[in-house]
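K.L.:
What follows is each chain in one-letter form.
Number of protein chains: 4
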Amino acid sequence: MGQELAAGPEVVALAERTAAFIREVVVPIEEANGGVVPSDAVYRELQQAAKAAGVFAPHVSKEYGGHGLDMRGRAVVFEEAGYSLFGPLALNIAAPDEGNMHMLELIATEEQKQRYLAPLAAGDIRSCFAMTEPAPGAGSDPDALRTRATRVDGGWRIDGEKWFITGADGAAFAIVMARTAGEPGDRGGATMFLVDAGTPGMTIGRHIPTLDESLYGGHLEVSFDTCVVPDSAVLGEVDQGYRYAQVRLGPARMTHCMRWLGIARRAQDIAVARTAERRLFGSRLADLGMAQQMLADNEIDIAATRGLILQACWELDQGGHAGQAVSIAKVFSAEAIYRVVDRSLQLCGALGVSGDILLGRFLREVRPFRIYDGSSETHRWSIAKRVVGRHVKNQAQS
Amino acid sequence: MGQELAAGPEVVALAERTAAFIREVVVPIEEANGGVVPSDAVYRELQQAAKAAGVFAPHVSKEYGGHGLDMRGRAVVFEEAGYSLFGPLALNIAAPDEGNMHMLELIATEEQKQRYLAPLAAGDIRSCFAMTEPAPGAGSDPDALRTRATRVDGGWRIDGEKWFITGADGAAFAIVMARTAGEPGDRGGATMFLVDAGTPGMTIGRHIPTLDESLYGGHLEVSFDTCVVPDSAVLGEVDQGYRYAQVRLGPARMTHCMRWLGIARRAQDIAVARTAERRLFGSRLADLGMAQQMLADNEIDIAATRGLILQACWELDQGGHAGQAVSIAKVFSAEAIYRVVDRSLQLCGALGVSGDILLGRFLREVRPFRIYDGSSETHRWSIAKRVVGRHVKNQAQS
Amino acid sequence: MGQELAAGPEVVALAERTAAFIREVVVPIEEANGGVVPSDAVYRELQQAAKAAGVFAPHVSKEYGGHGLDMRGRAVVFEEAGYSLFGPLALNIAAPDEGNMHMLELIATEEQKQRYLAPLAAGDIRSCFAMTEPAPGAGSDPDALRTRATRVDGGWRIDGEKWFITGADGAAFAIVMARTAGEPGDRGGATMFLVDAGTPGMTIGRHIPTLDESLYGGHLEVSFDTCVVPDSAVLGEVDQGYRYAQVRLGPARMTHCMRWLGIARRAQDIAVARTAERRLFGSRLADLGMAQQMLADNEIDIAATRGLILQACWELDQGGHAGQAVSIAKVFSAEAIYRVVDRSLQLCGALGVSGDILLGRFLREVRPFRIYDGSSETHRWSIAKRVVGRHVKNQAQS
Amino acid sequence: MGQELAAGPEVVALAERTAAFIREVVVPIEEANGGVVPSDAVYRELQQAAKAAGVFAPHVSKEYGGHGLDMRGRAVVFEEAGYSLFGPLALNIAAPDEGNMHMLELIATEEQKQRYLAPLAAGDIRSCFAMTEPAPGAGSDPDALRTRATRVDGGWRIDGEKWFITGADGAAFAIVMARTAGEPGDRGGATMFLVDAGTPGMTIGRHIPTLDESLYGGHLEVSFDTCVVPDSAVLGEVDQGYRYAQVRLGPARMTHCMRWLGIARRAQDIAVARTAERRLFGSRLADLGMAQQMLADNEIDIAATRGLILQACWELDQGGHAGQAVSIAKVFSAEAIYRVVDRSLQLCGALGVSGDILLGRFLREVRPFRIYDGSSETHRWSIAKRVVGRHVKNQAQS
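Residue numbers (our numbering), protein chains in the order written: chain A, 1 to 398; chain B, 1 to 398; chain C, 1 to 398; chain D, 1 to 398.
Simulated from the structure, these hints should not be mistaken for laboratory data. One should not assume that every hint holds.
Identical copies carry no separate label here, and so any pair may be met within one copy or between two of them.
[Unchecked claim] With a cut-off of at most 20 Å between alpha-carbon atoms, the simulated DMTMM-like pairs for lysine to aspartate or glutamate come out as follows:
(1) K385 x D287
(2) K113 x D124
(3) K393 x E277
(4) K385 x D269
(5) K393 x D269
(6) K385 x D297
(7) K51 x E10
(8) K385 x E31
Construct all of the structure, not just a fragment, from the sequences and the given hints.
P.N.:
Written out as structure tokens, the structure is:
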């Protein structure tokens with residue numbers, strides 16, 4: 001499928017090993033669990049199996065036990081891992097840990113790396129990323145950030161409310177975004193903090209019930225009330241939080257796309273198998289034109305998603321922020337992946353909406369992706385602003 | 001909203017009374033239950049309240065305690081009832097009971113009416129309609145019917161497997177479609193039987209887990225193994241089952257559309273309220289163009305759905321089968337209603353996918369409607385065949 | 001097709017007579033002319049034939065020689081007339097004359113009616129409606145009106161630029177919208193004037209070449225430079241132009257929809273005939289699922305368009321402005337009609353894009369309708385504003 | 001825009017040179033001609049200018065005066081050339097000559113190359129490719145081929161009817177596909193012949209009027225009646241015509257996509273410029289959300305098209321037929337490019353449908369691409385068959 005366009009033979013081999021591991025080991029466990037977050041024991045078992053198969057933590061540098069994949073390499077491997085809802089858990093590349101590892105490698109101090117990155121990369125602990133706030137705080141609009149960190153003797157005091165903090169239940173630490181300058185609505189002025197679980201003043205609140213249910217550690221409300229952390233808890237530099245968020249967000253958006261693309265392919269495989277065996281009105285379902293149209297549109301959506309991910313990853317690998325390419329790939333992927341799952345479910349009819357196969361589960365899992373990590377509308381707004389801004393700038397220069 | 005185009009002042013008044021009852025009484029109970037099937041006690045309470053409000057069983061003839069609405073009248077009233085997932089339960093117009101009452105009034109003997117229709121119309125019992133079979137049986141293609149009823153002394157012996165039998169758990173009786181002539185694949189040759197709960201040989205099997213969860217009594221597997229019923233159990237005439245199914249299916253498809261149209265309006269109301277209060281990027285969300293586009297498309301989809309339901313109901317009220325109009329309305333409604341809920345959820349962002357409001361629940365409930373009661377593809381196939389067939393016939397005549 | 005839902009037997013009979021007239025008389029002439037605006041002689045011939053067939057000017061009151069159809073009656077008859085590009089010309093119900101007659105009947109003085117409406121209704125003259133201005137003037141935003149009428153002794157002096165003035169070439173008079181109060185950007189302050197062809201200072205400029213080419217008299221630039229008209233040229237009251245524009249625009253938008261719905265049906269009929277006779281891959285094209293899907297979607301779009309037109313016309317017939325219903329019907333119709341023509345063309349393959357049949361012509365004619373008479377985006381904006389405004393008002397009251 | 005993902009620095013430089021040449025030299029001439037096929041003199045002038053700019057015939061091998069671009073290199077350069085309707089003419093990469101050169105380089109004898117390829121590559125002559133037949137002949141279904149070549153002494157006699165033969169008017173020779181074995185409906189059995197203009201029995205018939213009008217030499221009917229050609233006219237081997245057609249069709253489909261992608265970008269640039277300057281309702285049009293959505297969707301469609309073209313070209317460059325990748329790219333490109341032009345036109349409002357800018361022209365040019373070179377439906381059918389066939393094969397093996 002053109003993996004060689006994105007990656008060299010070593011990475012392609014890793015992708016193939018991953019694909020085999022997912023089909024043989026992970027999918028049976030996922031299906032037995034109905035795709036819902038497994039027990040801690042199963043989670044551990046999956047990670048051990050991934051380590052044994054030599055496919056664990058492929059994105060982490062070799063220093064920390066991984067394969068040091070660049071973004072294009074991740075595109076090839078994560079898509080295979082995403083073929084099962086449990087694949088990313090097994091490989092230790094699930095959100096939000098995967099994005100946190102990526103960022104820690106880039107901006108943490110050596111000491112912070114030893115304390116946070118090493119056990120995270122090994123799968124010994126989990127983490128969360130506490131940026132999103134309930135309205136009217138930071139959601140689609142990061143400038144609306146209201147959680148505040150104020151200088152205290154020897155450190156910082158954090159106060160504010162977060163929600164939809166994925167993986168917060170059981171996380172050993174949180175990376176917390178808080179305003180250290182300016183007022184809500186101002187651009188910039190945010191700082192990232194590493195806050196250990198159990199720090200007084202940080203409360204892990206309720207699990208927010210959501211349409212999706214496969215992310216380990218749930219989506220939670222987290223509140224900060226006079227939560228004091230030392231200076232060493234600052235990740236990167238003070239007031240530079242948004243710059244780091246960009247470092248994290250672009251790649252993290254792409255890895256979301258890669259993983260969900262795997263689920264889209266899984267859905268299509270289920271639909272293909274079903275239409276090849278099911279007979280209706282005297283024909284094989286796979287020979288009826290309306291079914292063929294859905295199958296073909298699935299192939300097209302999958303291929304186009306892969307092409308856009310590759311373009312964005314190539315740009316990221318060249319060292320750019322790739323803001324436009326990432327937004328384009330995110331919008332298209334989120335919508336295309338949803339369409340693929342939706343069509344696959346439709347092709348399976350009543351069976352498709354039943355819990356006897358996982359398509360209804362997949363539908364629930366991918367629907368929020370059109371909202372999470374920047375809604376389709378927010379990204380479209382950014383895309384249009386960039387293209388018009390570029391034109392205006394060119395006009396001014398000519 | 002043009003209700004007067006469809007119905008006279010008395011019916012419009014009933015619709016308004018229904019709307020008030022739903023908003024004041026039903027919605028609070030639905031929200032407290034998260035939209036999932038309520039307990040039997042709550043169900044009884046809702047029906048008592050509907051009786052007290054004078055809005056109970058509006059479709060049933062006055063003889064059986066209802067308001068005797070024609071199809072256009074139902075369009076106006078059911079849409080209001082459908083504004084809450086629990087509305088149809090409260091008014092005793094939920095599937096499959098509502099369709100069963102409709103059919104029993106038209107084809108049952110007087111004795112059968114007393115025994116089955118009267119308590120059903122009163123809300124004292126529930127029922128189910130056992131037609132659908134697992135592949136390769138009768139699903140999209142009714143001719144594939146495999147459940148067989150064979151003549152025995154004084155009655156019939158029924159054998160076969162059914163699934164997705166809505167409301168079977170707790171139903172006092174089932175209307176069972178079984179083949180009395182021909183072989184699977186043959187057109188016609190089916191008969192309907194009234195089978196009491198507890199009849200030996202009829203087994204109510206497992207609840208099939210489904211994406212939707214609001215239909216009372218679930219979707220079940222029901223099997224028949226040497227299930228013997230007397231001659232008096234035959235509903236209508238032997239071998240005429242498909243003809244009666246047509247009597248039931250057209251109106252039943254329309255009432256589904258009416259009820260779900262109510263949910264679409266509810267979703268839109270939630271989205272409108274949210275966008276009117278939520279501020280983003282310095283604007284009210286309701287003033288951002290992409291949000292306005294979604295709100296407008298919702299209005300358009302709702303109005304077009306209503307227009308198509310009216311056309312089909314008008315034809316049904318003239319006494320026709322209205323096959324083409326029903327198929328057109330069913331396909332459009334199922335897809336438009338889904339789009340409305342999907343857009344409304346998108347407009348509410350993270351809140352929309354959370355369980356804190358009911359949009360995720362609505363999405364799960366309406367998605368299967370593109371499959372249930374004839375999938376969009378099956379209806380499109382019928383629509384095209386009819387239009388081409390009409391052309392060929394006209395050509396032959398000219 | 002449910003015409004009886006919209007109109008009584010007399011109107012249905014007129015519609016059937018119209019349908020026969022179009023098929024037997026008009027379509028052959030249209031096809032011989034490739035659908036492009038015919039010569040004046042052909043135009044006269046068509047109108048004579050329509051008079052002979054008793055289907056001429058059906059919308060005009062009986063006093064002026066018509067059938068006095070209400071909006072629902074027009075919906076039924078105009079759709080039949082629109083089945084050919086030349087049908088509206090033949091029946092004297094083409095834009096902009098049809099809308100002008102509608103408005104003159106409602107607001108002109110008796111003297112103005114004798115002078116302008118009577119010959120217009122008889123088909124002896126043509127007219128135009130000069131409202132639209134090139135950017136930054138009045139287009140989507142009527143408040144941007146820049147053409148100005150200033151008081152002079154015994155009358156008014158008009159100055160300004162108009163464009164896309166349909167039918168201006170050969171029109172005996174123009175209804176001109178000019179600002180008599182306020183500044184561009186202000187709401188209101190416009191007045192309508194009846195300006196005879198040949199009035200000094202009014203220049204009929206160039207024909208604007210457009211994608212569409214079937215509207216008689218073209219789309220022209222018209223300029224006013226010290227164009228003086230007497231007081232008797234004022235149509236209605238001074239400064240009330242926008243109010244009258246509303247009187248004209250709602251119904252005129254609906255009649256556009258009706259006429260183009262006729263073309264959509266024609267396109268579908270061509271596609272049905274083609275798919276019924278064309279064989280591909282060993283099947284009749286009409287039996288291939290993807291073709292069936294397009295044929296079915298055409299039926300659905302046609303039916304939904306008809307349903308929305310009916311709702312808006314019903315509201316207009318009740319005496320309301322029906323702003324929301326008209327906007328909804330306009331957006332949906334313009335887009336649905338385009339889809340129908342586009343799919344029909346696709347179904348005919350290479351033949352469809354050739355000039356050997358008229359589908360390419362139809363595509364060119366209907367594409368601008370998504371822009372003319374309020375673009376889809378402008379109407380969506382209005383629809384959303386109305387629905388949110390209604391919510392805010394309800395909130396304030398409760 | 002990620003050109004470096006597809007091509008090395010030398011090719012990127014050629015693309016940049018091409019882009020500058022198109023903007024500075026070609027676009028002004030195209031606009032002055034309204035995008036309609038220019039006179040022969042203008043055509044010659046354009047080719048001279050392209051030669052002077054060093055961008056002529058980039059796809060031809062260096063031996064024949066070109067730059068020897070592989071498919072990925074063409075993707076980068078042809079997109080730039082396609083930015084103007086006249087760009088491909090100027091560079092000598094327009095259909096059908098470009099595809100014919102591609103095929104001649106691969107399968108012609110040395111003598112044939114000297115006689116046909118050399119002057120074609122130099123721009124001294126034009127050619128055509130005569131494969132398509134009117135129904136019920138070879139169109140979407142190549143097996144339906146009816147034109148027949150029968151053995152005669154020293155050569156072949158060709159009889160049959162072709163239509164939609166692009167560029168036939170003025171072509172120095174035609175590559176004709178004729179059946180040399182089997183009957184219409186049989187797979188295979190076709191042979192390609194090189195037939196010089198003026199050969200007795202070959203009649204260049206009427207120009208078929210079409211929605212598109214920019215292809216040089218039009219779309220014509222060509223008939224063969226006892227047209228005798230020598231053995232040396234056989235291109236490649238007898239009965240292998242379909243195999244060669246595959247060699248031609250995959251790349252030719254991709255180069256169509258590349259060129260039209262250029263037009264899509266042009267349309268978007270026009271729309272961006274317009275929305276950046278046009279003010280509406282007190283805002284810049286480019287700041288209104290619905291406009292932003294269209295601009296963003298254009299960017300997404302353009303990027304996704306580019307990504308799919310790259311994938312298919314990469315596969316072709318590896319030496320495969322890339323049937324699936326080509327079909328996927330063809331369907332998506334044809335539909336996405338049309339959407340981009342359609343949205344751009346919509347963004348420009350009335351100006352967009354006027355002939356004052358070229359968007360209406362572009363719309364007419366790109367619409368047929370959803371039909372030419374395999375309709376969207378035919379390709380979708382192939383895509384689905386391949387994916388289901390692959391599954392069935394895998395099942396059989398496991």
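K.L.:
Now tell me, hint by hint, if it's right for this structure.
P.N.:
Hint-by-hint comparison with the structure:
Taking the shortest Cα distances, K385 and D287 sit within 20 Å of each other only across copies (8 Å), while inside one copy they are farther apart (45 Å). For a Cα distance limit of 20 Å, the shortest separation of K113 from D124 inside one copy, 14 Å, qualifies, whereas the shortest one across copies, 67 Å, does not. In this assembly of identical chains, the alpha carbons of K393 and E277 lie at most 20 Å apart only when taken from different copies (13 Å versus 57 Å within one copy). In this assembly of identical chains, the alpha carbons of K385 and D269 lie at most 20 Å apart only when taken from different copies (14 Å versus 38 Å within one copy).
In this homomeric assembly, K393 and D269 come within 20 Å of each other (Cα to Cα) only across copies, at 14 Å, whereas the closest approach inside a single copy is 46 Å. Taking the shortest Cα distances, K385 and D297 sit within 20 Å of each other only across copies (12 Å), while inside one copy they are farther apart (30 Å). In this assembly of identical chains, the alpha carbons of K51 and E10 lie at most 20 Å apart only when taken from the same copy (18 Å versus 44 Å across copies). For the identical chains of this complex, K385 and E31 are neighbours neither inside a copy (43 Å) nor across copies (28 Å), given an alpha-carbon limit of 20 Å.
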